[in-house]
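Engineer: Just need the whole structure built from these sequences, with the hints factored in.
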Amino acid sequence: QAGLELPSSGLVMLKEPLLTFLCLLVYEDFFPLSISHLPTLIFILWNGHSPADHVGTYGTNIYQTYGDYGQFTYEFDGDELFYVDLEKKETVWRQPEFSKFATFEVQKALRNLVVVKKNLDTLIKNSNFTPATNEIPEVVVFPKSPVILGIPNTLICLVDNIFPPVINITWFCNGHLVPEGISETTFYPKSDHSFLKFSYLTFLPSTEDFYDCNVEHWGLEEPLLKHWEPEVPTPMSELTETVVCALGLALGLMGVVMGTILIIRVLHSRGISSHHRPRKQTGKDADMSYLEQCHWRS
1 QAGLELPSSG
11 LVMLKEPLLT
21 FLCLLVYEDF
31 FPLSISHLPT
41 LIFILWNGHS
51 PADHVGTYGT
61 NIYQTYGDYG
71 QFTYEFDGDE
81 LFYVDLEKKE
91 TVWRQPEFSK
101 FATFEVQKAL
111 RNLVVVKKNL
121 DTLIKNSNFT
131 PATNEIPEVV
141 VFPKSPVILG
151 IPNTLICLVD
161 NIFPPVINIT
171 WFCNGHLVPE
181 GISETTFYPK
191 SDHSFLKFSY
201 LTFLPSTEDF
211 YDCNVEHWGL
221 EEPLLKHWEP
231 EVPTPMSELT
241 ETVVCALGLA
251 LGLMGVVMGT
261 ILIIRVLHSR
271 GISSHHRPRK
281 QTGKDADMSY
291 LEQCHWRS
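113 is the number that the working numbering gives to position 113 of the sequence shown; each next residue is one higher, with no gaps.
Honestly, the hints are just simulated from the structure, not real lab data.
Since the structure is predicted, the reported quantities are computational estimates derived from the model, not experimental observations.
Note that beta-carbon positions come from the ideal geometry of N, C-alpha and C, so glycine has one too.
Among these hints, one or two may not hold up.
Said to hold, decoys possible - What follows is a set of in silico ranges between Cβ atoms, one per label pair, in the way DEER data are often shown:
{"hint": "1", "residue 1": "Pro96", "residue 2": "Ile148", "range": "24 to 34 Å"}
{"hint": "2", "residue 1": "Ser99", "residue 2": "Leu149", "range": "34 to 44 Å"}
{"hint": "3", "residue 1": "Arg94", "residue 2": "Ser127", "range": "27 to 37 Å"}
Claimed, not checked - In silico DSS-like pairs for lysine-lysine, Cα to Cα no more than 27 Å straight-line:
{"hint": "4", "residue 1": "Lys190", "residue 2": "Lys108"}
{"hint": "5", "residue 1": "Lys197", "residue 2": "Lys144"}
{"hint": "6", "residue 1": "Lys88", "residue 2": "Lys117"}
Structural biologist: Pasting the structure below:
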């Protein structure tokens with residue numbers, strides 16, 4: 001379209017020449033306007049004649065008029081490799097080890113966002129598109145690790161289905177705003193052109209504390225509050241413990257009694273069987289029995 005400029009490539013300069021990958025630059029403006037044609041630039045780097053086995057997505061470049069917000073990220077194999085902190089004007093690596101193989105100049109990201117802003121202003125001026133629908137975000141709160149009372153942990157607030165990417169996430173503990181110990185990610189783009197975002201809160205699990213993740217977005221009629229509190233098994237009362245111990249003792253005594261009865265019965269049955277068993281005749285007894293039988297026959 002007339003008046004639009006293509007952002008600079010801003011290719012990541014690789015320090016490791018043997019790493020073969022596909023570098024894809026996709027320039028997209030995520031704002032409430034419909035655009036049918038977006039400039040796309042694809043760079044394919046070959047290591048000899050070997051095909052690429054890694055994919056790097058250059059972008060997302062975001063700029064919108066609300067709050068003069070912008071974002072610049074780079075993804076590698078579907079995971080965010082780094083983003084540019086526009087306030088501090090520095091590159092923030094999600095995986096620090098990647099910084100050993102690559103560098104990125106922050107000024108390239110800033111120049112790209114300037115072009116994005118200029119194109120956005122041009123499209124707003126030359127078009128009358130209807131603003132896109134505000135989506136309703138979905139919120140889930142869960143702990144990073146299994147909860148153990150007294151052991152430091154992290155609560156994660158996952159906000160999905162975000163569009164447009166303008167949102168406010170805050171934390172509350174026992175109904176009071178939490179001012180520190182909070183961090184959050186940039187907006188992660190999805191295939192359906194919506195976004196998701198993570199917010200993290202470090203905390204010390206306690207049975208006396210409960211937490212709420214508060215989400216404000218244009219798709220919500222009112223702030224969405226997602227509640228969370230540790231699920232700790234309820235301890236048994238003293239009466240319950242006493243009853244359980246008494247039942248265990250009773251079962252143990254019953255076992256002893258039943259065992260004793262069985263032993264007595266076994267011994268008694270053996271005694272009876274031995275008493276009725278025929279006595280083996282000796283030689284003298286056998287002769288006497290034989291004489292008696294002869295006398296009887298005569």
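Engineer: With reference to the structure, classify each hint as holding or not holding.
Structural biologist: Consistency of the hints with the structure:
Distance hint check for Pro96 and Ile148: the Cβ-Cβ separation is about 28 Å, which falls inside the suggested range of 24 to 34 Å. For Ser99 and Leu149, the Cβ-Cβ distance of about 38 Å falls inside the hinted range of 34 to 44 Å, so the restraint holds. The hinted window of 27 to 37 Å between Arg94 and Ser127 holds, with their beta carbons roughly 36 Å apart. Between the alpha carbons of Lys190 and Lys108 the distance comes to roughly 24 Å, so the proposed pair stays at or under 27 Å and holds.
Taking the CA atoms of Lys197 and Lys144, the gap is about 15 Å. The hint holds against a cut of 27 Å. Between Lys88 and Lys117 the CA atoms are separated by roughly 20 Å; this keeps the pair inside 27 Å, and the hint holds.
In terms of the numbered hints stated before, the structure departs from none.
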